[in-house]
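Participant: Build out the structure end to end from the sequences listed, making use of the hints.
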Amino acid sequence: MNALPCTVYVSLVGALLALIAGGRSARAARWIALITATVGWLITLGAAADFVPGPGLQTLVNVAWIPELGVRYHLAADGISLTLLVLTGLAATAGILFSWNIEERVGEFFALFLTLIAGVYGVFLSADIFVFFVFYEIAIVPKYFLIATWGSTNREYGAMKLVLYSFAGSALVLAGVLWAYAANGGQSFALSDLAAAGANFTAGQQIGMFALIFLGFAVLAGMFPFHTWAPTGHVAAPTAASMLLAGVVMKLGAYGCLRVAMPLFPAGLEFWQPTIAWLAIIGIIYAGFVALVQEDFKFVIGYSSVSHMGFVLLGLAAANTQAVSGAVLQMFSHGVIAGLLFAVVGRMVYERTHTRKFSDLRRIPLHRLLPFAALTFVLGGLASMGMPGFSGFPAELTILIGTWKTSPVWATFAAGGILVAAAFTLRAIQVSFFGTTDHSGPVATADAHGHEHDYAPITWPERTGAMLLIAATIYIGLKPDVLLEWIVPALQSPLFQSILKGGAS
Amino acid sequence: VTNYTAIFHALRPEASLVVGALVVLGLDLWLGRGRTEGQRLRLSSLVGLLAVAMAICASLGAGSSGEVVDGVLILDSLGLATRVGVLGLTGLTLLLAPGTSRVRNPAELVAIILFATSGFTLMAVAQQLLLAFLALELASLSLYILAGFDKSRPASAEAALKYFLLGGVSAAFMLFGFSLLYGLTGSLVLPEIARAIAVNEQSTLLMVALVMILVAFGFKAAAAPFHLWAPDVYQGAPTISAALIASASKLAGFVLFVRLLWSGLLPAAGSVATFDSVPGWLPVVAGLAGLSLFLGNFVALAQSNVRRLLAYSAIAHAGALLLGVMAAGVAGPGPLFYYAATYGLATVGAFGVIAVVEQAGGCQSLSDLAGIHRRSPLLAACLLIFILSLAGIPPLAGFFGKFAVFAAALKVGGLGGPLGWLTLAAIFLSAIGLYYYLLILKQALVLGPAADRGKISVPANARLALILAAGLIVALGLFPSVVLGLF
Numbered sequence: 001m002n003a004l005p006c007t008v009y010v011s012l013v014g015a016l017l018a019l020i021a022g023g024r025s026a027r028a029a030r031w032i033a034l035i036t037a038t039v040g041w042l043i044t045l046g047a048a049a050d051f052v053p054g055p056g057l058q059t060l061v062n063v064a065w066i067p068e069l070g071v072r073y074h075l076a077a078d079g080i081s082l083t084l085l086v087l088t089g090l091a092a093t094a095g096i097l098f099s100w101n102i103e104e105r106v107g108e109f110f111a112l113f114l115t116l117i118a119g120v121y122g123v124f125l126s127a128d129i130f131v132f133f134v135f136y137e138i139a140i141v142p143k144y145f146l147i148a149t150w151g152s153t154n155r156e157y158g159a160m161k162l163v164l165y166s167f168a169g170s171a172l173v174l175a176g177v178l179w180a181y182a183a184n185g186g187q188s189f190a191l192s193d194l195a196a197a198g199a200n201f202t203a204g205q206q207i208g209m210f211a212l213i214f215l216g217f218a219v220l221a222g223m224f225p226f227h228t229w230a231p232t233g234h235v236a237a238p239t240a241a242s243m244l245l246a247g248v249v250m251k252l253g254a255y256g257c258l259r260v261a262m263p264l265f266p267a268g269l270e271f272w273q274p275t276i277a278w279l280a281i282i283g284i285i286y287a288g289f290v291a292l293v294q295e296d297f298k299f300v301i302g303y304s305s306v307s308h309m310g311f312v313l314l315g316l317a318a319a320n321t322q323a324v325s326g327a328v329l330q331m332f333s334h335g336v337i338a339g340l341l342f343a344v345v346g347r348m349v350y351e352r353t354h355t356r357k358f359s360d361l362r363r364i365p366l367h368r369l370l371p372f373a374a375l376t377f378v379l380g381g382l383a384s385m386g387m388p389g390f391s392g393f394p395a396e397l398t399i400l401i402g403t404w405k406t407s408p409v410w411a412t413f414a415a416g417g418i419l420v421a422a423a424f425t426l427r428a429i430q431v432s433f434f435g436t437t438d439h440s441g442p443v444a445t446a447d448a449h450g451h452e453h454d455y456a457p458i459t460w461p462e463r464t465g466a467m468l469l470i471a472a473t474i475y476i477g478l479k480p481d482v483l484l485e486w487i488v489p490a491l492q493s494p495l496f497q498s499i500l501k502g503g504a505s
Numbered sequence: 506v507t508n509y510t511a512i513f514h515a516l517r518p519e520a521s522l523v524v525g526a527l528v529v530l531g532l533d534l535w536l537g538r539g540r541t542e543g544q545r546l547r548l549s550s551l552v553g554l555l556a557v558a559m560a561i562c563a564s565l566g567a568g569s570s571g572e573v574v575d576g577v578l579i580l581d582s583l584g585l586a587t588r589v590g591v592l593g594l595t596g597l598t599l600l601l602a603p604g605t606s607r608v609r610n611p612a613e614l615v616a617i618i619l620f621a622t623s624g625f626t627l628m629a630v631a632q633q634l635l636l637a638f639l640a641l642e643l644a645s646l647s648l649y650i651l652a653g654f655d656k657s658r659p660a661s662a663e664a665a666l667k668y669f670l671l672g673g674v675s676a677a678f679m680l681f682g683f684s685l686l687y688g689l690t691g692s693l694v695l696p697e698i699a700r701a702i703a704v705n706e707q708s709t710l711l712m713v714a715l716v717m718i719l720v721a722f723g724f725k726a727a728a729a730p731f732h733l734w735a736p737d738v739y740q741g742a743p744t745i746s747a748a749l750i751a752s753a754s755k756l757a758g759f760v761l762f763v764r765l766l767w768s769g770l771l772p773a774a775g776s777v778a779t780f781d782s783v784p785g786w787l788p789v790v791a792g793l794a795g796l797s798l799f800l801g802n803f804v805a806l807a808q809s810n811v812r813r814l815l816a817y818s819a820i821a822h823a824g825a826l827l828l829g830v831m832a833a834g835v836a837g838p839g840p841l842f843y844y845a846a847t848y849g850l851a852t853v854g855a856f857g858v859i860a861v862v863e864q865a866g867g868c869q870s871l872s873d874l875a876g877i878h879r880r881s882p883l884l885a886a887c888l889l890i891f892i893l894s895l896a897g898i899p900p901l902a903g904f905f906g907k908f909a910v911f912a913a914a915l916k917v918g919g920l921g922g923p924l925g926w927l928t929l930a931a932i933f934l935s936a937i938g939l940y941y942y943l944l945i946l947k948q949a950l951v952l953g954p955a956a957d958r959g960k961i962s963v964p965a966n967a968r969l970a971l972i973l974a975a976g977l978i979v980a981l982g983l984f985p986s987v988v989l990g991l992f
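First to last, the protein sequences are chains P and G. For the first sequence, our numbering begins at 1 and goes up steadily by one. For the second sequence, our numbering begins at 506 and goes up steadily by one.
Just so you know, the hints here were simulated from the structure itself, not pulled from any lab data. Among the hints, erroneous ones may be present.
What the hints assert, rightly or not - Calculated lysine-lysine pairs in the DSBU-like style (CA-CA distance at most 35 Å, straight line):
(1) G:Lys947 - P:Lys161
(2) G:Lys960 - P:Lys161
(3) P:Lys357 - G:Lys947
(4) G:Lys947 - G:Lys667
(5) G:Lys947 - G:Lys960
Facilitator: Below is the structure:
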């Protein structure tokens with residue numbers, strides 16, 4: 001447990017080393033990045049191994065940082081943060097495996113990537129809102145350079161839009177946090193202190209603070225109608241960045257909502273609860289329908305991320321133990337699945353076919369040319385649809401059951417969203433990989449033995465990365481209790497119980 | 506009986522600077538003959554740096570021992586910190602100069618920079634109107650000359666003329682304001698003025714004096730609507746001069762005015778903590794701040810010249826600094842000082858990068874920065890730190906400056922008054938700021954260089970200055986208490 005803060009430091013040191021090594025040897029930079037990410041992941045797994053679930057945050061580091069402002073460098077973890085830390089380690093490792101083919105400015109790429117990872121780890125570990133915010137912003141800037149330098153379609157636009165949305169969101173958060181801090185007399189930024197002070201704020205203050213902070217975080221979580229950065233940004237980003245953005249960075253937003261906005265301002269949550277729920281439901285269904293008509297393969301996955309993140313927000317809005325634990329589970333599940341889908345689309349398919357248009361892909365018998373990619377995408381698609389046996393199933397089911405307890409109407413509408421998700425996923429699978437059996441297509445050629453020569457074979461890093469992610473989604477699909485046993489006790493802490501209705505699941 | 510020893514002790518930093526300036530001129534006359542301008546600049550800068558180092562030691566020696574000579578000077582922690590701050594910024598500027606500026610009279614350049622700096626250090630400790638005015642004018646006149654120092658470029662002359670004319674008008678306003686204050690209160694020393702104002706009832710004349718002073722203040726701070734000189738000066742002045750004008754001069758100016766307003770005009774402050782605001786100078790400053798924040802941030806969006814962009818960003822920062830001025834009554838001058846000092850560091854650094862690029866083929870438009878990461882990775886890395894600090898991204902010092910100022914401003918009255926809402930606006934406008942800062946960084950770090958641009962070799966002294974500035978920004982960002990704890 002106590003090694004968890006090292007995830008941040010290891011990532012930062014790795015970033016520096018990769019940057020230095022990248023000037024001499026691309027290979028060295030790659031390996032340094034891979035080793036760094038793996039070490040980070042192993043630290044989280046090691047912490048998970050000796051983790052004793054319990055209510056409340058377990059403090060890891062707590063020293064004074066800026067006494068003049070009452071800021072303490074306070075890192076802590078509970079079951080919820082641990083879940084997301086493990087996810088971060090996994091996504092980072094897989095992301096580096098899927099960027100093995102980056103050839104341009106390799107050192108800088110991995111340095112930015114690892115800095116982003118360090119920021120993400122830091123956010124999940126922070127127990128002081130100031131520290132939280134610092135790490136949150138550290139995670140913003142690398143995204144711009146990752147997308148603008150190594151991205152594809154419309155990358156400078158996508159990068160700028162994404163970063164400005166994130167930064168505008170963080171400005172809202174900063175405003176809300178400073179307001180609460182000042183209203184409390186400017187003593188402390190500790191989550192527990194501000195939560196204790198929250199009770200003294202008037203309902204009006206709480207509603208305002210909650211609106212600023214929740215909205216700021218929800219922008220990053222892709223809440224309708226502030227989601228438009230997500231598809232353009234994810235499409236423009238290089239594969240590893242899309243995996244990380246959809247897989248982990250969007251979770252930062254949801255985590256912020258859960259960790260900061262909700263427990264601090266109960267009256268605010270009560271006031272805004274229906275609005276958030278309906279926006280989440282609109283997001284689920286609207287993004288699903290938009291995904292259904294996309295012509296660009298990556299946009300389908302981009303919008304599907306928005307739709308799936310809608311479930312997370314709905315689970316949070318339902319505000320009972322079951323729904324919220326489902327939301328955290330869905331964060332993990334979607335992190336893995338979105339990473340997998342983006343890896344297939346961006347790395348396995350696009351890097352080889354150089355097209356993401358369904359009209360082009362339809363003419364290529366990809367399921368024969370890239371059977372591994374097809375298999376991976378089918379598995380990822382099934383997981384994404386919420387098929388039993390994959391992590392999406394327990395996550396969305398838990399959210400729906402939990403939501404039903406709060407409002408059956410919400411649950412009904414959201415369940416409709418699952419149908420839409422099935423529709424757009426199946427369409428994507430069918431059109432992209434099983435588009436045609438017609439051999440006269442312009443691209444596809446097969447020799448007499450049925451061997452295909454068009455595309456480079458799937459490399460070992462791709463296979464390893466895909467296996468890791470598939471294994472994670474199946475393992476959690478079969479044994480969701482592993483994570484729920486961390487998450488549910490964490491929700492029993494007094495801080496969460498004051499806002500959650502309904503008993504333990 | 507006037508205690509000359511005490512005066513000398515208190516003014517040793519200024520004495521070191523002036524002696525240093527004279528030595529620079531003398532040495533150049535003696536040794537400079539037959540040498541190239543580059544060599545002469547190197548020698549002059551070295552002597553200048555020595556003088557600055559001695560002045561820093563002298564400032565630390567003078568310490569913060571309280572009032573000197575019936576309150577004409579005040580040696581307090583703010584004065585000490587500001588002296589060291591402006592001297593440090595001048596030191597960095599001097600360290601940057603050799604190899605990055607081509608001037609015809611290098612010794613005069615360094616001497617005038619030292620004169621300007623002695624003006625800044627005096628502004629840091631002046632507590633009497635007459636001395637404040639003299640210090641300010643010493644600094645300003647030196648800066649006018651520095652702006653026009655490149656006699657071969659018409660743009661430089663234009664910048665100097667604009668700066669001088671507008672600066673002259675603002676000096677007239679200030680002097681008129683000061684004379685009214687003296688007439689109303691019968692004193693030149695700030696605390697006595699405050700006592701006199703508190704006793705007398707508020708008169709229209711006092712308001713006129715306040716407006717006059719605030720106009721001059723707005724000009725010095727480059728706050729809208731008195732900002733018009735800034736873009737032209739930043740664009741036309743030699744890069745080294747622009748660096749000094751944008752950094753040390755800002756820091757000294759804000760400290761002088763925070764003293765003038767809070768310790769001299771406190772009873773006429775009025776209030777911005779609530780919406781039924783009390784008339785006084787605070788509501789006027791709030792207006793200047795709001796206007797600067799909006800105008801600076803929005804006009805910066807449209808700039809294609811990197812120096813003009815930095816000028817409009819400076820106007821936006823002036824708006825944020827004015828929030829710090831307003832909050833200084835409750836939170837003390839710590840956040841304001843931290844913000845102004847770290848802003849100065851980042852600006853000196855940014856202009857340093859521009860100066861180096863300038864020598865390698867010109868640096869006016871944003872696209873001149875294209876592909877710096879290929880041409881010189883060091884410059885690119887330093888520029889990244891400076892610009893991100895200006896944008897207020899943690900863990901760099903610029904972020905903590907903003908944070909401390911905003912937190913202090915919100916503590917004054919929460920969201921119950923205009924100050925709170927201005928602070929919220931400033932927070933949201935920083936998102937706009939990130940856009941134009943990223944435009945700079947996009948050129949420098951994302952795009953490739955133009956075909957005809959080769960590697961840039963950074964002179965060793967400039968390299969040292971840039972690394973020092975970048976290192977300080979990171980270090981002060983990680984440990985802001987080092988500065989914030991001084992007050």
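Participant: With reference to the structure, classify each hint as holding or not holding.
Facilitator: Right, here's what the structure says about each hint:
1. G:Lys947 - P:Lys161: At roughly 14 Å apart (the allowed maximum being 35 Å), Lys161 (chain P) and Lys947 (chain G) satisfy the hint.
2. G:Lys960 - P:Lys161: Cα-Cα ~32 Å, so holds.
3. P:Lys357 - G:Lys947: Holds. Lys357 (chain P) to Lys947 (chain G) sits at ~29 Å (cutoff 35 Å).
4. G:Lys947 - G:Lys667: holds, 32 Å
5. G:Lys947 - G:Lys960: holds, 19 Å
The structure agrees with every numbered hint stated previously.
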